[in-house]
Amino acid sequence: MGRYVLRRLLQLIPVFFGTTLLIYWLVWAVPGDPFAGKCGERACPDSYIQFMTDKYHLDDPWPIQYLYYMGHLLTGDFGQTFGGREISEIIAQAYPNTLKLALVALIIEAIIGLTAGILTGLRRNGFLDNLVLVSTLFLLAIPTFVSGFLLQYLLGVQIGIINPTVSSGAPINELIVPGFVLGSISMAYVARLTRTSIAENSRSDYVRTAVAKGLPQRRVVGVHLLRNSLIPVITFLGTDLGSLMGGAIVTEGIFSINGIGREVYRAIVTKESATVVGIVVVLVMVYLLMNLLVDLLYAALDPRIRYE
Amino acid sequence: MRVSKRASAAAAIAAVALVAAGCGGGDDDSDTSGNTDKTANGAITIDGTQPANPLLPSNTSETGGGDILDFMWTGLINYPPGGGDPVNAVAESIDTTDAQTYTVKIKKGVKFHDGTEVKAKNFIEAWNFTANSENGQQQASFFSDIAGYEDVHTEDPDGEEGPQKAPPPKAQTMSGLASVDDYTFTIKLAAANSIFPVKLGYSAYYPMPDSFFAASDKNEWGKKPVGNGPVKFVSWSDNVEIKLTRFDEYTLDDKVKIKDVTVKLYQEDTAAYADLQANNLDFQQQVPASALAGEKWKSDLGNRALDVPIPVQQLIAFPIYDKRFQNKDLRRAVSLSINREEIASKIFFNTRKPSTNWAAPGTPGAEAFACSTCKYDPEAAKAALQAAGGFQGEMVLYYNADASHKDWMEAAANSVASTLGIKVRAEGMPTFAVFRQNIDAHKMTGPYRAGWQADYPAAENWLGPLYVTGGGSNDGLYSNAQVDALYKEGSQAADEAAANAKFAEAIKIVDEEVPSIPVVSVSQQSGISNRIASSVKTNWVGSIDLSTVELV
Numbered sequence: 001m002g003r004y005v006l007r008r009l010l011q012l013i014p015v016f017f018g019t020t021l022l023i024y025w026l027v028w029a030v031p032g033d034p035f036a037g038k039c040g041e042r043a044c045p046d047s048y049i050q051f052m053t054d055k056y057h058l059d060d061p062w063p064i065q066y067l068y069y070m071g072h073l074l075t076g077d078f079g080q081t082f083g084g085r086e087i088s089e090i091i092a093q094a095y096p097n098t099l100k101l102a103l104v105a106l107i108i109e110a111i112i113g114l115t116a117g118i119l120t121g122l123r124r125n126g127f128l129d130n131l132v133l134v135s136t137l138f139l140l141a142i143p144t145f146v147s148g149f150l151l152q153y154l155l156g157v158q159i160g161i162i163n164p165t166v167s168s169g170a171p172i173n174e175l176i177v178p179g180f181v182l183g184s185i186s187m188a189y190v191a192r193l194t195r196t197s198i199a200e201n202s203r204s205d206y207v208r209t210a211v212a213k214g215l216p217q218r219r220v221v222g223v224h225l226l227r228n229s230l231i232p233v234i235t236f237l238g239t240d241l242g243s244l245m246g247g248a249i250v251t252e253g254i255f256s257i258n259g260i261g262r263e264v265y266r267a268i269v270t271k272e273s274a275t276v277v278g279i280v281v282v283l284v285m286v287y288l289l290m291n292l293l294v295d296l297l298y299a300a301l302d303p304r305i306r307y308e
Numbered sequence: 001m002r003v004s005k006r007a008s009a010a011a012a013i014a015a016v017a018l019v020a021a022g023c024g025g026g027d028d029d030s031d032t033s034g035n036t037d038k039t040a041n042g043a044i045t046i047d048g049t050q051p052a053n054p055l056l057p058s059n060t061s062e063t064g065g066g067d068i069l070d071f072m073w074t075g076l077i078n079y080p081p082g083g084g085d086p087v088n089a090v091a092e093s094i095d096t097t098d099a100q101t102y103t104v105k106i107k108k109g110v111k112f113h114d115g116t117e118v119k120a121k122n123f124i125e126a127w128n129f130t131a132n133s134e135n136g137q138q139q140a141s142f143f144s145d146i147a148g149y150e151d152v153h154t155e156d157p158d159g160e161e162g163p164q165k166a167p168p169p170k171a172q173t174m175s176g177l178a179s180v181d182d183y184t185f186t187i188k189l190a191a192a193n194s195i196f197p198v199k200l201g202y203s204a205y206y207p208m209p210d211s212f213f214a215a216s217d218k219n220e221w222g223k224k225p226v227g228n229g230p231v232k233f234v235s236w237s238d239n240v241e242i243k244l245t246r247f248d249e250y251t252l253d254d255k256v257k258i259k260d261v262t263v264k265l266y267q268e269d270t271a272a273y274a275d276l277q278a279n280n281l282d283f284q285q286q287v288p289a290s291a292l293a294g295e296k297w298k299s300d301l302g303n304r305a306l307d308v309p310i311p312v313q314q315l316i317a318f319p320i321y322d323k324r325f326q327n328k329d330l331r332r333a334v335s336l337s338i339n340r341e342e343i344a345s346k347i348f349f350n351t352r353k354p355s356t357n358w359a360a361p362g363t364p365g366a367e368a369f370a371c372s373t374c375k376y377d378p379e380a381a382k383a384a385l386q387a388a389g390g391f392q393g394e395m396v397l398y399y400n401a402d403a404s405h406k407d408w409m410e411a412a413a414n415s416v417a418s419t420l421g422i423k424v425r426a427e428g429m430p431t432f433a434v435f436r437q438n439i440d441a442h443k444m445t446g447p448y449r450a451g452w453q454a455d456y457p458a459a460e461n462w463l464g465p466l467y468v469t470g471g472g473s474n475d476g477l478y479s480n481a482q483v484d485a486l487y488k489e490g491s492q493a494a495d496e497a498a499a500n501a502k503f504a505e506a507i508k509i510v511d512e513e514v515p516s517i518p519v520v521s522v523s524q525q526s527g528i529s530n531r532i533a534s535s536v537k538t539n540w541v542g543s544i545d546l547s548t549v550e551l552v
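Chains V and S supply the protein sequences, listed in that same order. Per full-length UniProt numbering, the first sequence starts with residue 1, numbered consecutively. Per full-length UniProt numbering, the second sequence starts with residue 1, numbered consecutively.
It should be emphasised that the hints constitute simulated quantities derived from the structure, not laboratory data. Remember, it's a predicted structure, so these values are computed and weren't measured experimentally. For glycine and all other residues, C-beta sits at the position ideal for the given N, C-alpha and C. Just so you know, not all the hints are guaranteed correct.
[Said to hold, decoys possible] Residues from chain S that face chain V, not an exhaustive set, calculated with beta carbons under 7 Å:
1. Asn219
2. Ala274
3. Ser473
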């Protein structure tokens with residue numbers, strides 16, 4: 001187990017260098033001079049462009065720039081944006097908000113999705129089953145920006161029970177509606193995945209054995225059925241945290257949350273490679289660590305799974 | 001000039017402003033006056049965008065940071081809301097006899113927020129800092145009129161692509177700036193320029209306190225700036241909000257009545273709009289494009305909706321360096337074949353007005369800047385095309401696709417195509433940066449969208465930078481010796497009226513030659529909450545005039 005975790009952690013190193021190199025190259029390949037649009041409808045003074053070019057080594061080819069960047073990064077310096085902001089500060093400010101939002105979304109989707117999935121998986125083809133099928137279909141069909149605007153308008157502007165935008169610091173209670181919006185599509189997947197998994201496993205031998213032994217229904221479902229059925233669902237939820245963080249860009253925009261989605265978007269448009277790489281590196285790390293956590297959870301759910 | 005970030009991201013170039021609508025004729029409406037007690041301790045929230053750079057007047061050319069600077073600083077002169085001639089602010093007087101040497105006296109007792117007094121040297125040192133090419137400041141070129149500018153601002157001999165670097169400046173100070181005593185200084189220009197004093201209200205000319213020059217890291221200083229205006233800096237949380245509060249020792253006329261101002265930095269204008277509707281936001285400078293369709297914003301906001309004409313124009317500029325566009329009859333033909341009325345009503349829902357002048361309406365002197373080809377006249381257009389000998393191949397109109405220019409540029413292209421019977425289409429370039437890069441490098445192969453926002457309220461600003469040879473934004477490389485000569489005469493005229501007369505003559509030639517096409521002039525659709533009195537005004541750049549805010 002320890003060796004397995006260590007091996008997985010060591011694998012992060014090449015992934016780290018690979019992704020940063022790739023992203024650096026991709027951002028560099030985006031056309032456009034970062035300073036061409038900075039001074040509005042007139043060309044920037046040469047002295048300004050020269051000053052900035054020297055400061056950020058933009059005259060050098062990208063591999064050299066990458067080496068400069070990595071040199072600084074390995075000493076813990078994420079660098080500065082063209083506007084002179086510390087990128088580490090941007091990351092420190094924006095990440096917690098996005099992470100909070102993604103976690104709220106994950107919790108909402110897990111609670112509602114799992115409940116709906118378990119209930120319908122146990123009683124197939126009933127009224128509830130059809131209701132969940134139709135409503136998940138509905139959720140899947142609505143893009144995030146539609147549900148976001150709709151809830152913002154109805155709850156925030158018309159009824160007035162929430163603030164239309166999230167205030168600074170993004171307190172958890174204000175993130176519930178944005179989290180619901182962000183998690184709504186995955187929620188539908190979780191419900192359907194759980195339903196199918198439960199439905200399949202409820203016909204399996206070990207469940208029949210457990211029932212035959214006379215175990216109470218609660219124990220059959222709660223311990224025997226759920227533990228096995230949850231493996232695909234947990235896999236989905238684990239990787240979903242990563243994609244929720246990456247995909248929060250629309251939700252952050254609608255509810256005006258200071259998160260990484262907007263920062264990354266802005267940085268790509270303005271060719272701030274150092275900012276893009278810094279943010280994405282942390283995103284990749286979160287993604288990989290979540291995957292590791294999910295893999296380790298398997299053993300807890302199914303004792304037959306062993307790590308070597 | 002300042003470019004609005006939100007504007008380039010969402011259609012409306014927001015900017016300059018004249019009158020706050022909604023205050024109408026009568027002040028007898030009880031709704032228009034505020035509650036004095038509430039106001040004195042009151043706090044408001046207005047919308048903004050994250051400044052691109054630390055808050056330094058020398059390095060800010062976009063409205064996100066520019067609006068904050070304008071709140072926090074007061075320059076030598078102010079541009080009054082409602083248009084008209086500038087009035088003295090920090091300046092006691094600005095005198096000249098020859099339009100070349102100006103003597104500036106400043107008022108005593110005007111203070112920076114750190115308590116130090118504003119003196120002549122604060123202006124001189126700030127200007128020398130900005131102009132010095134070694135400091136690489138975006139606003140350096142605003143000092144190019146002053147004698148000795150070339151000594152502190154050296155140019156790269158072979159352009160920025162070339163291997164050579166610009167030589168270090170010969171001097172650290174411009175010879176044209178001299179201090180007479182603590183409250184008096186003189187500005188000697190390289191050549192006579194009667195318009196120069198009008199520029200002095202622009203943010204590039206703000207004074208800087210001693211703490212700025214003492215700071216080793218100017219960017220760090222700019223994260224907690226110290227100005228001399230009616231409100232002072234409290235805090236700045238990136239992408240979230242900038243907090244300002246009243247500066248109680250402020251001595252000039254434009255004091256603010258409210259206490260605290262929070263500028264909330266929105267990512268999306270639709271989010272700000274939702275807050276405005278829910279009365280969580282007290283002022284939104286430009287409502288989102290989605291609220292303009294069918295005049296939805298007016299029904300949403302009722303009497304909280306303000307329609308403010310602002311001196312901004314959308315133009316289509318010609319790359320005169322391209323042989324195919326060197327025939328002025330062809331350019332006339334294109335201008336005459338654009339149906340501006342239809343674009344203004346169908347695409348902009350009348351939030352834009354068809355252009356009739358070469359300067360935005362409301363600019364002093366703009367009446368004499370009439371545009372004779374700014375009308376839809378298919379017969380005249382066809383005749384002009386014939387006189388030009390037709391057009392070979394396909395004409396492509398370019399725009400930047402990262403803002404909503406697609407619809408109106410396509411409408412213009414269709415209008416030209418159907419009127420002239422030639423092949424015309426509109427094509428988007430992916431980003432504003434790519435677009436500007438091609439324009440700066442003079443590589444455009446067709447007419448392209450251009451937006452111009454005045455830096456200062458003078459007709460000259462619609463002529464000099466755009467159509468005079470070597471003008472800062474004369475991107476199409478239009479050049480006419482007569483225009484240059486008239487412009488020079490106007491600049492050296494004894495007073496502004498004489499100057500404007502010469503500029504009007506110059507624009508007549510420009511009007512003959514159509515180096516670009518004015519299409520629509522812009523107005524701004526703002527909204528206020530039910531917490532503030534509707535007597536609020538916007539300043540000349542369309543941002544809220546804090547001194548007019550009262551709570552109800």
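Please name the hints from earlier in the document that this structure breaks, with their numbers sorted from lowest to highest. none
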